[in-house]
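Work out the full structure: start from the sequences and follow the hints.
Going down the list, the sequences are from chains B and P. Heads up: the first sequence begins at 1 in our numbering, then just goes up one per residue. Heads up: the second sequence begins at 1 in our numbering, then just goes up one per residue.
Just so you know, the hints here were simulated from the structure itself, not pulled from any lab data. C-beta atoms are modelled at their ideal positions from N, C-alpha and C, and glycine is treated no differently. Honestly, I wouldn't trust all of these hints.
Claimed, not checked - Derived DMTMM-like pairs (lysine to aspartate or glutamate); straight-line CA-CA distance at most 20 Å:
1) B:K77 / P:D95
2) B:K140 / P:E199
3) P:K18 / B:D90
4) P:K254 / B:D68
5) B:K266 / B:E239
6) B:K20 / P:D259
7) P:K4 / B:E107
8) B:K75 / P:D95
9) P:K4 / B:E74
10) B:K179 / B:D202
11) B:K69 / P:D259
Claimed, not checked - If you want a taste of the chain B side facing chain P, the calculated C-beta under 10 Å gives, among others:
12) M50
13) N86
14) Y100
15) R131
16) A148
17) I150
18) I157
19) L268
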Amino acid sequence: MNIIHAENIQKSFGDFEAVKGVDFKVPQGTCVGLLGPNGAGKTTTMRMIMGLSSLSAGSLKVFDTPVDKVTRAEKMKIGLVPQEDNLDPDLSVRQNLEIYGSYFGLEKSFIQQQADSLLEFMQLGEKANNRVNHLSGGMKRRLIIARALIADPEFIILDEPTTGLDPQARVLIWKSLLKLKDQGKTLLLTTHYMDEAQRLCDNIVIVDGGKVLDEGSPKELISRHVKNHVFEVQKPVPEALQDSDIDHEDIGDSVLYYVNNPDKVKHLLPDGITYTQRVSNLEDVFLRLTGHKLRE
Amino acid sequence: MFFKTVYALWYRHFLTWKTMFWSSLTSNVFNPLLFLFSFGFGMGAIVENIEVGGQVVDYLVYIVPGMMAYSGMFTASFETSISAFARYYMQSYWDQVLATPAMLHHLMMGEILWASTKAMFAVVCVLLVGYLFEGVVLDWSILWVLPVMFLGCFCFATCGMVATSFAKSFEMFSYFFTFWVTPMFIFSGVFFPVDRFPEMVQWLAYLLPMTHLVDIVRDLSVAGVMDAGVLMMKLAYIAFVAVVAYAVAYRNMKHRIFD
Chain B
1 MNIIHAENIQ
11 KSFGDFEAVK
21 GVDFKVPQGT
31 CVGLLGPNGA
41 GKTTTMRMIM
51 GLSSLSAGSL
61 KVFDTPVDKV
71 TRAEKMKIGL
81 VPQEDNLDPD
91 LSVRQNLEIY
101 GSYFGLEKSF
111 IQQQADSLLE
121 FMQLGEKANN
131 RVNHLSGGMK
141 RRLIIARALI
151 ADPEFIILDE
161 PTTGLDPQAR
171 VLIWKSLLKL
181 KDQGKTLLLT
191 THYMDEAQRL
201 CDNIVIVDGG
211 KVLDEGSPKE
221 LISRHVKNHV
231 FEVQKPVPEA
241 LQDSDIDHED
251 IGDSVLYYVN
261 NPDKVKHLLP
271 DGITYTQRVS
281 NLEDVFLRLT
291 GHKLRE
Chain P
1 MFFKTVYALW
11 YRHFLTWKTM
21 FWSSLTSNVF
31 NPLLFLFSFG
41 FGMGAIVENI
51 EVGGQVVDYL
61 VYIVPGMMAY
71 SGMFTASFET
81 SISAFARYYM
91 QSYWDQVLAT
101 PAMLHHLMMG
111 EILWASTKAM
121 FAVVCVLLVG
131 YLFEGVVLDW
141 SILWVLPVMF
151 LGCFCFATCG
161 MVATSFAKSF
171 EMFSYFFTFW
181 VTPMFIFSGV
191 FFPVDRFPEM
201 VQWLAYLLPM
211 THLVDIVRDL
221 SVAGVMDAGV
231 LMMKLAYIAF
241 VAVVAYAVAY
251 RNMKHRIFD
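Following this line, the structure appears as structure tokens:
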């Protein structure tokens, strides 16, 4: 079963087309990553799924129900971790969870039980009675994730859950997200960190300019677009390499060569040439598909 | 489920307000104190006696009901305009709520009912200060005045919501305060009877729900009685403004958030 099934979804704001026809699925029990540069249409897509933004065209089903007909019971099964910090700054950590739970119409005893276990799950127990204003960035993020879980949702949407956090805080969040996956929850994630996507996602959808560029598992995407190894060779590139038919991409000061067998490039590189060689990763795929130019 | 959700949203505002209870109490008590002191001395010395419902009363007795209505009007208007806009625009509080099963109707009702509650707190503070100054008597007529005040505050809160539904920045609220809140302060009979104005201005004054509210509150709290037909007409007009304002605010907000 697909938790989300989007077919050719589009969204325009006046003359501006934010999403120009996106197709993707989120099968139950998987983690799908929606990756793309700033302004690619990721947040708009997420807002459409949450029913916070209407569709201009296309079909979007959530739990097999068209998004504009999603019932209260179905909405209760979705948890949202938004990109920005929208916690209640004047309330305590625990109050933030309890108040949010009350918007779901949940029983008080259930909310308190959930709050206790989520504070422990997100390692916020000691801060339960502190005001949100006094928390660090990492703790705030953890609280926002805990808050999204208050009604014990089946499906969790995470919009850049670790942006701006230190490595320790990110690892802690990754661990908890993997635990949620183990519990059978379905996740939809956007991120700018390719290591995060590679670690957490079963399937990745790369979007740019409001369209899907490609999708597949991290492994599939890597072998399809950037082979196993990448060489970055400083210009001027030796003629032998230039004449070869090796898959490559010019990125300005240097050229990237993608190969399955590293020896194929190595023997074309004379001594004294400056180059780096590494195992290719999702970041290479991302940059290759969305281009190396800076986005505004 | 509708009331349970609206209550949950109302309670969130109450909990936040509780953390600032003392500053809220201080300003709600000192505001009328300053006004009554200044106007009681300044105007009271010039205006020796003034008529309400056929009775000649002291200026202080005249002005306390006006101050009650004004405090309620100002607090309710402020809460659903500047404060609600801050929650919507700066704190992303509305997005937070709409990501849950709560809907826009719940959210707006929560804001409006909370603003009315907070305004009633201000009203009661003026009432108590007025009582201490012997500007108002506390008797059974108060049981009529308070529900009427609540309806009035509800109306002003929905009107504030209209301003929020149009506002693109905080600066935009200067229109709301200049052309809506201030006229209700100076043209609605808070400090002197509306019949002192030329007829044309009186007509305009009676378009403002505040003028009717001041009339009712003053007649009920000073004279203790009011013609039932007139009372009903005035209440109906205030309710009508509230319903229209709610419909406009909801339509605007819905378009703004979801489209």
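*Output the numbers, in ascending order, of every earlier hint that fails for this structure.*
2, 19
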